[in-house]
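Enquirer: This is what each chain is made of:
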Amino acid sequence: MYNEEFDKYYNENMIQGGTTCCPGCGGPLFWKLALKVFGPNTIVYGDGPCAMCALRSIKVPYYGIHFSFVADGATGISAALRAKGREDVTLISSAGDGATSDISLGKISAAAERNENFLQICIDNEAYMNTGIQKSGLTPYGAWTTTTPTGKESNKKDIPMIIAAHKVPYVATASVAYPQDLARKLEKAKSIKGFKYLHTVIPCPTGWRFDPAKAVEVTRLGVDTWVNPLYEIEEGVLKVSRKAEAKPVQEYLKAQGRFRRLTEEQLIYIQGEVDKKRDDLLKNDGKQVIH
Amino acid sequence: MSQIVRSFAPKVDQEKCIACGMCQLYCPESTVKLNDEKKVIFDYRFCKGCGVCANECPVGAIKMMKEGEQ
Amino acid sequence: MSFTRMMEGNEAAAWGAKLVRAEVVPAYPITPQTELISTIATLIADGTMKTEYIKVEGEHTAMAAAVGASAGGARVFTASSSQGIAFMDEPLWIPPGRRLPIVMCMVNRSMAPLGGLRPDHNDSMHQRDKGWVLLYCENSQEVLDTIIQAYKIAENPEIYLPVAVCYDGYFVSATATPTTVPDQAKVDEWLPPYKHEWYDLMPGSYKMPPPKSFIQQRMGLAEAHEKAKKVIKDVDADYKKIFGRGYGGLIEEYNCDGAEAVLITMDSMTGTARDVIDEMRTQGKKIGLIKLKCFRPFPREEFQKIAPKYKAIGVVDRNNSFGSAGGGIVAMELSRALYDVKEKPLIANFHVGLSGTDVTMNQIRYMADETLEAAETGKIKHVIDWVEAHDLGEVM
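Residue numbers (the numbering used here), protein chains in the order written: chain A, 3 to 293; chain B, 8 to 77; chain C, 663 to 1058.
Wrong hints could be hidden among the right ones.
Unchecked claim - Derived DMTMM-like pairs (lysine to aspartate or glutamate); straight-line CA-CA distance at most 20 Å: (1) C:K1043 with C:D850; (2) A:K195 with C:E714; (3) A:K10 with B:D20; (4) A:K86 with C:D850; (5) B:K45 with B:E74; (6) C:K717 with A:E115; (7) B:K18 with A:E7; (8) B:K45 with A:E14; (9) C:K712 with A:E89.
As the list claims (entries may be wrong) - From the structure, some residues in chain A lie toward chain B, with a derived Cβ separation under 10 Å: (10) N5; (11) G20; (12) G29; (13) P42; (14) A215.
Simulated from the structure, these hints should not be mistaken for lab results.
Ideal Cβ positions, reconstructed from N, Cα and C, are used throughout, including at glycine.
Using the sequences plus the hints, can you model the full thing?
Expert: Put into structure tokens, the structure is as follows:
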């Protein structure tokens, strides 16, 4: 009945409705919000997190090589844009958490060191979901995955801070549950020349084990409990985006099946780590944290 | 073209709806929007029935029905 | 302006990249390629080259960046050796699979652990299955000319294959010989700017190749190799016409008239072999030399045509293929090419120069004599003759 109207809407949104992502996946939601900011004069270079199913549906130019080449192809495309006099094009380089923290961490680090002119985005669903939920360096402590059936024993890597240490112009964390904040950060990144990095934890109902309908709600809880705090580091200066009182991490963790087996001690530990990070961020808010 | 297979599908109670646009904002698949008359419409060709719209609606105007009953 | 001076192979390669107006060079240093990219850096710094040299952090990245840049519309050049080529093995599948006309230099170096910094051909030949065109060069001049020819071959819309210009580390890369650098304007006229007909990543004109099944793509890739044989010969002939230098394209028959046996060599040892063959000819020995320049696509038809002229072919393999059906890689390729030829010569196979040891005139004389003996007796002595195992003395 509304087919024509929706077809027009998909074209305006620059993303086709009905991706092959799981119901409730945060990936297509992220791209829907992001493409509005990037606009049609964009090339997206991306690899294979399963949220990449969304990239099959975008209506801006897209090119990909597999995920061991995060930032590499974008480096080449960026050079080609300069060679062809098309530095007006917005270049986005997208990767999942497995690629970003594990197999291609060196690539991203090198691209940051070279101050490559593109926005590197980590679409973080906190495990190798595409291959059936295996642990990555960005899987949180205590989470169930098929390779950590008794809960991950190591901590989640702090990739945004690692990248910030490269003294790049702009690093930010954002969330699809706070779309205005996300849009503002993408807008800022788009306006900066040089290497930008955006980290966004997106909900994965399939891998995190919860009802897809709660996808945005769970993501919001991740931010509200300060498990996934929102902040920016621009030219080395930290700016905390959201300073509201923290809800207890329990609310966030209990909403997901992957944390079902957490013990009391583990909960206390996690709360402690989150508190430390929150205190650290608030203490340094507005300060030069990268020298 | 492959088919979207759903167990549930959203249905809106237009009386309750306040046209806030949260459903449109948060739908991961872009398959719900407000039309020019500020009525909530769905694209059942591509909606996956995830239920995010129903969950995010601040007034509970959207309910998930069994597929076929929307 | 064209000029001539002594140039090492690496420097000549850098000038080749300059003349083709390479737009993006993503590269990582590795002995014996390093002077190639440092020369490029110098040529960029002094304004001779207008190229973006991306100083990537590893070869794996170098080839992936090359893919992105080539798909993005830029003419790409890169280079590596041995361990570096192995490190980029994963992305090396992509240019032929996606038909991206990237040209790279493979500055031959033996692979660890059974090798050091000096050359043999395993590093480049190991890439023979992927779909890269593999061309081998004897000296600095040939390196420079082949790079220019390589882009003409690669960017031909009937072909769209990546090309590797291979040459021996040290023996070519660091050996200075007189090299003529052709005039830039002449090269510009001969080699038009790069524009891929299948790919355009720019918003507004975005274009990707039409979706084809894997089997269709594979057959297309194989077909491109078959077509490439003629294109490689034609390009060389045209280059010779315009620039005055040609190399035969696929193979060169040297001093073969009336020969009963021929030696097949590749790359730097060919230079030495020419002198040895000439000398043996003056002694009345009926031995000729075939230089195999193009290893992929393998010149099946050329060999089928000329093989019946000879009673024995001595194939010199500066490579190993452990556990093979018999001997070295070139010998096995040639055997298959000649299998159905009625009047086929004997194949004497030799390993020499492995792990980068010098190939001496004595060793070439030995291989030529063994091949002549095979031609005479109608018998082959070994499946594979490891020449370095013989005590032939150190110098010529």
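Enquirer: For every hint, state whether the structure bears it out.
Expert: Okay, the hints, checked on the actual structure:
1. C:K1043 with C:D850: 52 Å, violated
2. A:K195 with C:E714: Roughly 17 Å between the alpha carbons, so the hint for K195 of chain A and E714 of chain C holds.
3. A:K10 with B:D20: Measuring from Cα to Cα gives roughly 25 Å; hence the hint is violated.
4. A:K86 with C:D850: 17 Å, holds
5. B:K45 with B:E74: Cα-Cα ~25 Å, so violated.
6. C:K717 with A:E115: 11 Å, holds
7. B:K18 with A:E7: 18 Å, holds
8. B:K45 with A:E14: 18 Å, holds
9. C:K712 with A:E89: 17 Å, holds
10. N5: 7 Å, holds
11. G20: Hint on G20 of chain A: holds, closest Cβ of chain B at ~3 Å, below 10 Å.
12. G29: G29 of chain A check passes; min Cβ-Cβ to chain B is 8 Å, inside 10 Å.
13. P42: 16 Å, violated
14. A215: 3 Å, holds
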